[in-house]
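> Sequence:
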Amino acid sequence: MAFALIRARWDSNLWRRSINVDMQALHGPGVAPSWTLSNHDVVRHVTRLGGGSLGQARARAALLLLLGLPGQVFLYQGEELGLEEADLPPEARQDPLFIHTEGRQAGRDGCRVPLPWKKGEPNAGFSDEPPWLPMPRGWDRFAVDVEEASASSMLQLYERALAIRRRLVPWLPPAIGWRPAVQGVLAYERERLTVACNFLSRPVAIPAGGALVIASDPLVCLRDGELNLPANSAAWLDALGR
52 MAFALIRARW DSNLWRRSIN VDMQALHGPG VAPSWTLSNH DVVRHVTRLG
102 GGSLGQARAR AALLLLLGLP GQVFLYQGEE LGLEEADLPP EARQDPLFIH
152 TEGRQAGRDG CRVPLPWKKG EPNAGFSDEP PWLPMPRGWD RFAVDVEEAS
202 ASSMLQLYER ALAIRRRLVP WLPPAIGWRP AVQGVLAYER ERLTVACNFL
252 SRPVAIPAGG ALVIASDPLV CLRDGELNLP ANSAAWLDAL GR
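For the sequence shown, our numbering gives the first residue as 52, with consecutive numbering after it.
It should be emphasised that the hints constitute simulated quantities derived from the structure, not laboratory data.
Owing to the predicted nature of the structure, the values given are computational and were not obtained by experimental measurement.
Be aware that a few hints might be false.
The calculated label-pair distances, taken between Cβ atoms and stated as ranges, are [as the list claims (entries may be wrong)]:
#, residue 1, residue 2, range
1, E142, R217, 22 to 30 Å
2, P147, W229, 20 to 28 Å
3, L148, L291, 43 to 51 Å
4, L105, A202, 16 to 24 Å
5, P141, D62, 32 to 40 Å
6, Q123, W229, 16 to 24 Å
7, L65, A214, 46 to 54 Å
8, Q145, P231, 45 to 53 Å
9, Q123, S252, 29 to 37 Å
10, R155, C272, 46 to 54 Å
11, R155, R67, 33 to 41 Å
Every residue, glycine too, gets a C-beta built ideally from N, C-alpha and C.
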């Protein structure tokens, strides 16, 4: 399991190095790397990557960067909704790490709160009775029913990206080739698939061809042989135009 990315800053050099290390460590027939951005022991990656709209944008881009890689991607419950780390009051915390350190360490409860399902319902539709950890105030803005109704939501991005990945994976090789790109941008190829991710806080344009099949930001566009990537965004291109 490639755990390095759950600690990595939003830096293209660090992410490329981590991907290279894990790709080189696991190779051969029937062997493939596994990737993840979050789990139940770390701060949720939307928060780690900057929080708020910045963290959301980076998390969307990171998803496409990882889903294009060979191997398995493990998703932690709630990341498909764009959940952030929850700030819980001391009296609500249950993690033994918080209790045994007498609050000196916050523990892991912030990434373990219940999932919101329905806006406007008690406990955001998670349960009729109070759950083990409280539903954070305002958490129903991430509710499943809210995100299902929004074409631009994190949930819809996950669903589209996973569907495209399932369609393309049988035709892709178990290796990647890095493409030349400006500093702060990662771009790799898997034969017909090109994945590009802009880690910078400004837009960039890189030479590219094929069809734009999915993007993390609605302003991503392919024009005159260049892929235009806004700040903190990513995209997939299919050389076969599908």
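> Could you run down the list of hints and mark each one as holding or not?
We went through each hint and held it up to the structure:
About 44 Å separates the C-beta atoms of E142 and R217, a value inconsistent with the hinted range of 22 to 30 Å. About 43 Å separates the C-beta atoms of P147 and W229, a value inconsistent with the hinted range of 20 to 28 Å. As the Cβ distance of L148 to L291 is approximately 50 Å, the hint placing it in 43 to 51 Å holds. With their beta carbons about 22 Å apart, L105 and A202 fall inside the hinted range of 16 to 24 Å.
Range check, P141 to D62: about 34 Å between beta-carbon atoms, so the 32 to 40 Å window is met. In this structure the supplied range 16 to 24 Å holds for Q123 paired with W229, their Cβ-Cβ distance being about 21 Å. Between L65 and A214, the C-beta spacing of about 30 Å breaks the proposed range 46 to 54 Å. Checked against the hint of 45 to 53 Å, the C-beta distance between Q145 and P231 comes to roughly 50 Å, which is consistent with it.
In this structure the hint that Q123 and S252 lie 29 to 37 Å apart at CB holds, the actual value being about 31 Å. For the hinted restraint 46 to 54 Å between R155 and C272, the CB-CB distance of approximately 49 Å keeps it satisfied. Distance hint check: the CB atoms of R155 and R67 are about 36 Å apart, consistent with the given range 33 to 41 Å.
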